[in-house]
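The listed protein sequences correspond, in order, to chains A and B.
Under my numbering, the letters of the first sequence match residues 794 to 1019, in that order.
Under my numbering, the letters of the second sequence match residues 794 to 1019, in that order.
What the hints contain is simulated information worked out from the structure, not anything from laboratory work.
Wrong hints could be hidden among the right ones.
A pair counts as met if it fits within one copy or between any two copies, since identical chains are not told apart.
[Unchecked claim] Below 20 Å or equal to it, Euclidean Cα-Cα: the simulated DMTMM-like pairs (lysine to aspartate or glutamate) are:
1) K898 - E830
2) K898 - E842
3) K816 - D1016
4) K816 - E833
5) K985 - D939
6) K898 - D1015
7) K816 - E925
8) K985 - D946
9) K816 - E842
10) K985 - D1018
11) K985 - D1015
12) K898 - E824
13) K816 - E849
14) K985 - E824
15) K898 - E923
16) K816 - E1006
Since the model is a prediction, treat every value here as computed from it, not as a measurement.
Number of protein chains: 2
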Amino acid sequence: MRTLLHMPLDPGSRMARILLAEKGLPVCLVETPPWREPAELLARNPAGEIPVLIDEPPTGGEVAVAPALVIADYLEEAYGAAPMLPATSAARGEARRIAHWFDRKFESEVNQLILRRRVDERLAGARRLEPEPYRAGAERMRWHLDYLAWLLDRRAWLAGERMTLADVAAAAHLSANDYVSAVPWSEFPTVKEWYLRMKCRPSFRPILADRLEGAPPPSHYDDLDF
Amino acid sequence: MRTLLHMPLDPGSRMARILLAEKGLPVCLVETPPWREPAELLARNPAGEIPVLIDEPPTGGEVAVAPALVIADYLEEAYGAAPMLPATSAARGEARRIAHWFDRKFESEVNQLILRRRVDERLAGARRLEPEPYRAGAERMRWHLDYLAWLLDRRAWLAGERMTLADVAAAAHLSANDYVSAVPWSEFPTVKEWYLRMKCRPSFRPILADRLEGAPPPSHYDDLDF
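Turn these sequences into a full structure, and let the hints steer you where they fit.
Below is the structure:
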């Protein structure tokens, strides 16, 4: 059975889950906390990071694929249904550029200061960490949302006139931050409208149904008309 | 004319240059220090990072492509010559996994502690930075070289029996660190033998000819029989 080693609030894991669902590929989800360095994870991905897709491709055998962006390319090439990359190489480059933007820039400037620290707080038993990085992260979050609004003033979707990998990556990252109430939606109405379109997709529903014990999301989190 | 916004010691820029040379695509190199935030760079890549490839594809028009791994995919798809990714999706996944390993893991664990600090030192006028991060970076460097040696005990090239994007990425990162004398080759003979094979390729020669004013490389740096 196709398996994804993941964690519910990890943006890369969410991206992989949405892509699998868009392509209609069923998957068995296995929660795998990377900080415990489980042997199964290290055997499948020597970098010790999630997500890892363990696939049984139509051509036979078993293959472990990581990290998240490589899973995206793998799914694109191995399964034709619901393509997430446009047809021309210029448009593919633009969709990939924005996906990498979230994987690297948004990850280091926002996730590391907000989302990852919220998870650390939870692991440390709700002990509050110092507030300064949260403030810096919130400032960068606004800068990133501003950039998305700029793109969406010019295009129907982030990389052009069709939904692509760029939208999936961005929505995966924002959804995890939304779970910890870190997205000031009301200040960015065009981004909110775009996110609502993403949220309404059937591929998004399992993501929105995830709950962390003792840490519920804000009330608008899974509201499809927020 | 096809143009690459780059810096001589930037590993991602080196990777793009080697790929272009392997595919026989001439390119005009423009040194573009990202820390000066030049308008040309920000207009071509809103992330403000190098490398950026400004290409004039056979299909017409002009396209700006970034970051380094997206340039790799773009060149693979737009130009068929000298493919840098294997044929099967499992083998492609493995080559991409290792390329991402260098782009993210090696970058944060080694480059940020050694290479990027050496460049900072040079910009700051040879003022020596504190030694502790260098020691931590050197330790991680050995860990990474150990992993490469483990791979090369099992395979002729890093991702399998043929040279791929994985080898280009690894050699680009190691060559920049070698310029600042940060690679303990003598402790890792199999990695050294593999790197010598990479160094001997015509695509590598322009990289090895680069010189930073006032900061020469060690004597073995461009020796093809070191």
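To see whether the hints hold, each was checked on the structure:
Proximity of K898 to E830 under the C-alpha cut-off of 20 Å is restricted to the inter-copy arrangement: shortest distance 16 Å between copies versus 25 Å within a copy. Taking identical chains as interchangeable, the C-alpha atoms of K898 and E842 lie at most 20 Å apart whether they share a chain (18 Å) or sit on different chains (10 Å). For the identical chains of this complex, K816 and D1016 are neighbours neither inside a copy (24 Å) nor across copies (50 Å), given an alpha-carbon limit of 20 Å. Taking identical chains as interchangeable, the C-alpha atoms of K816 and E833 are never at most 20 Å apart, the minima being 26 Å within one chain and 39 Å between chains.
When the C-alpha separation of K985 and D939 is checked against a cutoff of 20 Å, the pair qualifies only within one copy, where the shortest distance is 12 Å, while the shortest distance between copies is 47 Å. In the homo-oligomer, the alpha carbons of K898 and D1015 never lie at most 20 Å apart, since the shortest distance is 26 Å inside one protomer and 34 Å across protomers. Proximity of K816 and E925 under a CA criterion of 20 Å is satisfied in neither setting, with 41 Å inside one chain copy and 48 Å between copies. Only within a single protomer do K985 and D946 lie at most 20 Å apart by alpha-carbon distance; the minimum there is 13 Å, versus 51 Å between protomers.
In this homomeric assembly, K816 and E842 never come within 20 Å of each other (Cα to Cα): the closest approach is 24 Å inside a single copy and 33 Å across copies. Only within a single protomer do K985 and D1018 lie at most 20 Å apart by alpha-carbon distance; the minimum there is 10 Å, versus 59 Å between protomers. Proximity of K985 and D1015 under a CA criterion of 20 Å is satisfied intra-copy only: 13 Å inside one chain copy versus 54 Å between copies. In this assembly of identical chains, K898 and E824 lie within 20 Å of each other by CA distance neither inside one copy nor across copies; the values are 26 Å within and 22 Å between.
In this homomeric assembly, K816 and E849 come within 20 Å of each other (Cα to Cα) only inside a single copy, at 15 Å, whereas the closest approach across copies is 33 Å. Taking the closest pair of Cα atoms, K985 and E824 never come within 20 Å of each other, the shortest separation being 29 Å inside a single copy and 39 Å across copies. Within a single copy, K898 and E923 get their C-alpha atoms no closer than 23 Å, and across copies no closer than 27 Å, so neither meets the 20 Å cut-off. Proximity of K816 and E1006 under a CA criterion of 20 Å is satisfied in neither setting, with 30 Å inside one chain copy and 53 Å between copies.
Hint violations for this structure: numbers 3, 4, 6, 7, 9, 12, 14, 15, 16, all remaining hints satisfied.
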